[in-house]
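Visitor: Place chains D and V on chain L using the hints.
Take a look at the letters that make up each chain.
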Amino acid sequence: MIALWASVSDARMFPTDVHQRSTTTTGRITPSQTHDHSTMTGLTLSDKVTLGAALLGGAAGVVGSFAVLRRRSLMGDMLAHASLPGVCLAFAITESRNLVGLSIGALVSGLAAITLVTLVTRLTRTKEDAAIGIALSAFFGLGIVLLSAVTRSRAGGNSAGLNSYLLGEPGNMVDSDLWLLSAVGATVLGVVLLLYKEFKLVAFDPQFARSQGWPTLAIDLGMMAAVAVVTIIGLPIVGVILMAAMIILPAATARLWTNRLNVLLAAAGAIGAGSAALGVRLSRGLPTGPTIVLTGTALFLLSLLLAPGRGVLARIVAETQLRLRIGRENLLRSFYELNEPALPGTRLIAYDELRADRHWQPWLLRWLLEQSIRRGLIERRRDSYQLSPLGTRRAAEAAKTHRMWEIYMMEFAGSAADHVDRSADTVEHLLPEGVVAALEQRLAAEGRLPAIAADVPASPHAM
Amino acid sequence: MPAILNAEGLWIVVIAATTNAACALVGSFLVLRRLSMMGDALSHAVLPGLAAAFILSGSYSIGPLMLGAVAAGLVATLLIHTLHHYARVPGDASMGVVFTSLFALGVVLVEQGIHGVHFDVKCVYEGTLELTPFWTWNVLGYDLPRAFVVTGGALSINALLVALLWKELKLSAFDPALATTMGFSAAAMHYLLMTLVAMTAVASFEAVGSILVVAMLIIPPATAHLLADRLGAMVLLAVFIAALSAVLGYLAGAWLDTNLAGMITVAAAALYGLAVLFSPRHGLVSAARRNWQIALRVVSEDLLAMLYRVEELGGQRRLGAAEAQSALGGGLLARWALAKLLRGGRVERAGDRLELTATGRESARQLVRSHRLWETYLVKHLGLPLDHVHQGAHRTEHYIGRQLRDQLQQEVEANAADPHGREIP
Amino acid sequence: MLPALEIHDMTVAYHRRPVLWDIDLAVPEGKLVGVIGPNGAGKTTLIKAVLGLTPLASGKVEIYGRPYRQQRRLVGYVPQRESVDWDFPVTVRDVVLMGCYGRLGWFRRPGRAERQIADRCLEQVGMTSFARRQISQLSGGQQQRVFLARALAEEAKIYFLDEPFAGVDAATESAIVNLLQSMRHSGKTVFVVHHDLQTVREYFDYVILLNLRLVACGPVAETFTPDNLHKTYGGRLTLLDEVAEAMRQRERAR
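Residue numbers (the numbering used here), protein chains in the order written: chain L, -19 to 443; chain D, 2 to 426; chain V, 3 to 256.
Just chain L, with the same shape it has in the complex (with noise of 0.2 angstroms):
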């Protein structure tokens, strides 16, 4: 991010210059490298840089998947910017742009930064959202103030090492930083492996696991330090802002396919693992960074429009049908009150007095209707209809499941109610049986009690 920064405000240095930019600072794998053929692994740089992306994207999957759902996502963010500090402090020790020097300077600020973070919430009135953005931007503000030290001690001299480090330099990408990858990642997923029950105890029930006993700072900080380590070793390659990224969209889009924990695990290290791969190769002449992150984005949203269960086209799909069955169960109602004066015998109703009965919408009731037709429960007369055999026999168990509920809900459940998708079921299965009983003699006694077997013959034809 710096370097785009830096790129710009160099460029505005010196006005007259304004045309002249450097690209590869915004981390672009520019075509001279990509045919760069080299070293021990035999791959071409590309290659490399696929797959040291699809680590990252893999390692952030599964320690983001915790993150999220401990309602942690930003700590990926802050971690991403203190580690500034300390990056700049290694470097200025070190001298050098080794990446484990780097790294564990960057380590050391952005556990400084979780620690104050929760010393400040614990102890101030402070609430823990401010915290964490004065930590992000204090931490990044000093960062820059020993930028601008380092940069000036070098005599002007090339700190393009420190700013890829945060708009990410995936371009560079070394053996060494694979292997490096490839140790965080495996490490990363053994504790996650090992402490698979005791992380997901602490951030599902907190209070529960202490009640067991368990440490449960020990474990949070632990959950916490696995996202920092990942975060900061991947900074050299995506940058600041875009780390806190794969940290986030991984894991949110994983949620969208699955309620089980272990799939939600594995699920989100391989959308981590394949949108970072598949960023790469996109990103032919687009920043390799963003590319990574519109990738992640849209199949986020590709997810939320077509995951099972929590997509938007599977709930629009859900409460379409649940608004068609409460109009249908209203439809049959409508009719069994309307006939039943006449019971056990049925009389022509005409379609205006069908539709003064509920508020309907005229095309929902003559969509309704066509379909009752269609399913024998009523016949057509010219504008009129009369309930069937089968049909009068469906409207008398829509209209004893209705009152029943009603007086359930008015004489037994009191308010504390439970609530239960009460068109679902018939009141049969839902409740104990005497309070069942207890309803029919209600009904009975008010002469309310709709008749089905005995006096309605069953369908003479099949459904």
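Hints were generated in silico from the structure; no laboratory data involved. Possibly wrong hints are sitting among the right ones.
[To be verified] From the structure, some residues in chain L lie toward chain D, with a derived Cβ separation under 8 angstroms:
(1) L54
(2) L103
(3) T104
(4) G113
(5) F120
(6) L122
(7) I124
(8) V125
(9) W194
(10) L262
(11) P267
(12) L274
(13) R290
A virtual CB, placed ideally from N, CA and C, is assigned to each residue, including glycine.
Guide: Below, chains D and V without anything else, positioned relative to chain L:
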């Protein structure tokens, strides 16, 4: 790097202070509504708006850029809300998803759409505070730095809206549901606030860069929150602290010859740190001092009461200094407490023994009275067993003032003796 | 016989303001105990303090004559339902299995034996058919049953339930009460934070009446008397409250 006290230097301080004040003004409401990270999110999410506005208008005049940025800010707010409420993505995760994605989109737009053209949106990033005095606009015949005009405008708009909508903002920050039922839509206030944040962020980018914007949206209000207990005082204090950070940061930055925006952020953080430690009511050091004072008072009162009880037993026995101190647990606290009592003329030395003075005896009497009244109350009204009341009363006696003592007196209806059978003095 | 739970001189303070004063009680084994008192009386605090979730300002807690820390395996806990995120991606059976985690210790995974325990506990609360459901699909009463099953899986001797009947339908409430009573019969001791005075006699055989301090503790017949109830819910506590407030005020501002 500008010299410290020339015209340019003054302009830089004025511009930074204006910017910071504008940010702190709206930031106060973010911090109170626990939306601090929205400041961070929005200041990143406006990037695609800026880029799109630049591409479409082909210019970097402030109007289109501001429009693009505010539009992007509103889109981000809407997306975050939608993800959270309709897709059940947790609030912080939806914030993270939206702003990082928009930021990535912005970077790509900048890279692709603005090829070869200097993307000097006068806005982006680290800021070039050092150079702001050199770009001037002519306003009413005066040559004013452009950044000053822009951020001054943002500050004015913020101040005007906050003043006009003071009670609405206050109510919707405190109780959104109530605000909505009273006809001030909390949602409308939310979007208004986010518009102001996006607008302020963009107005400030050129001068100070995005990191200082985030810092100023959060740090001065959080500092003020540690110092003030009323909203009005907090907002004014936040603005003042923000401006003060600009002055201090500028001085330090110019002195050290380093990045000014970074230094101003550090200054603000340092002020926050000071507030954490020394805020009169909420500071850690103040709390520690208060604890020490309470402990000291408790120990000296215990000492007084002890001397009183010894006197009460009759006879000539009096405690010696060393004896009394060790009975109180010894250590610095006990020594200090005794010294304080001797200095305050409540205890005096009679040879190597300690003796209550008249004033000392009176305060000791009140303490013992509180103690025994409380014991009586516990036994009589709470039915606690006799052997349990002393400990509680021993702890409580230091907190029972005259008014409570009188109330206790009434409750226990003039018992002359405590439950252990000792006289209530 | 050793009392199942014994509390000595326990005082608990939040922000230095005492919320429980000098509690002193002992409850014998095999009782179904109602913890009764008005809102803000410190009922939940009592449970949390016993379980070591809230620090004690003074006093000590003993389970079967030994400090709580040594007897943790003997204690099961059902927190308030609202204390967790019910959208968390776990199944009903996963949650119940968590009851076995304490026994398993570090690193070991629940195996077949634990799964059998979990299934048995689910059966006891009548939730067998929900084992594979995700927890967000449960109703309030079902959530409560799952929490209860998790506590059963802890295979403890003493259970603490924090408001298990809050927001629960009548059928679930009576099912839970039946289960608790059968637990009592098999020698468990069960503490239940409870609000509804009407059902106290019917549900419990022992009560702890609480209002900032212990009002009474003993068998329902002798303890749940109008006099004690008046002491618990009636006035006369203003002074206790005022003293607590004075302590807080004096410590905040000189």
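Visitor: Less than 8 angstroms between beta-carbons is the criterion; does L/L103 satisfy it with respect to chain D?
Guide: holds (6 angstroms)
Visitor: Should the interface hint for L/F120 be scored as holding, given a Cβ-Cβ cut-off of 8 angstroms against chain D?
Guide: holds (5 angstroms)
Visitor: Does L/I124 pass the interface check with chain D, least Cβ-Cβ distance below 8 angstroms?
Guide: With a closest approach of 3 angstroms, the L/I124 hint holds.
Visitor: Hold the hint about L/L122 up to the distance rule: shortest CB distance to chain D must be less than 8 angstroms.
Guide: holds (5 angstroms)
Visitor: Would you settle whether the hint for L/P267 is holds or violated, based on the nearest Cβ-Cβ distance to chain D being less than 8 angstroms?
Guide: holds (5 angstroms)
Visitor: Go through the hint on L/L274 and say holds or violated, using the shortest Cβ distance to chain D against 8 angstroms.
Guide: Constraint on L/L274 satisfied, holds at 5 angstroms.
Visitor: Does L/L54 pass the interface check with chain D, least Cβ-Cβ distance below 8 angstroms?
Guide: Because about 5 angstroms separates L/L54 from the closest Cβ in chain D, which is inside the 8 angstroms limit, the hint holds.
Visitor: Using Cβ atoms only, decide whether L/L262 comes closer than 8 angstroms to chain D, and label the hint accordingly.
Guide: Cβ of L/L262 sits 11 angstroms from chain D, so the hint is violated.
Visitor: Grab the minimum C-beta distance from L/T104 to chain D and call the hint holds if it beats 8 angstroms, violated otherwise.
Guide: Holds, about 6 angstroms.
Visitor: When the nearest CB of chain D is found for L/R290, is that gap smaller than 8 angstroms?
Guide: Holds. Min distance 7 angstroms.
Visitor: Can we keep the L/G113 interface hint, with Cβ of chain D closer than 8 angstroms?
Guide: holds (4 angstroms)
Visitor: For the restraint on L/W194, tell me whether the closest CB of chain D is nearer than 8 angstroms.
Guide: violated (24 angstroms)
Against the hints set out earlier in the document, violations occur for numbers 9, 10.
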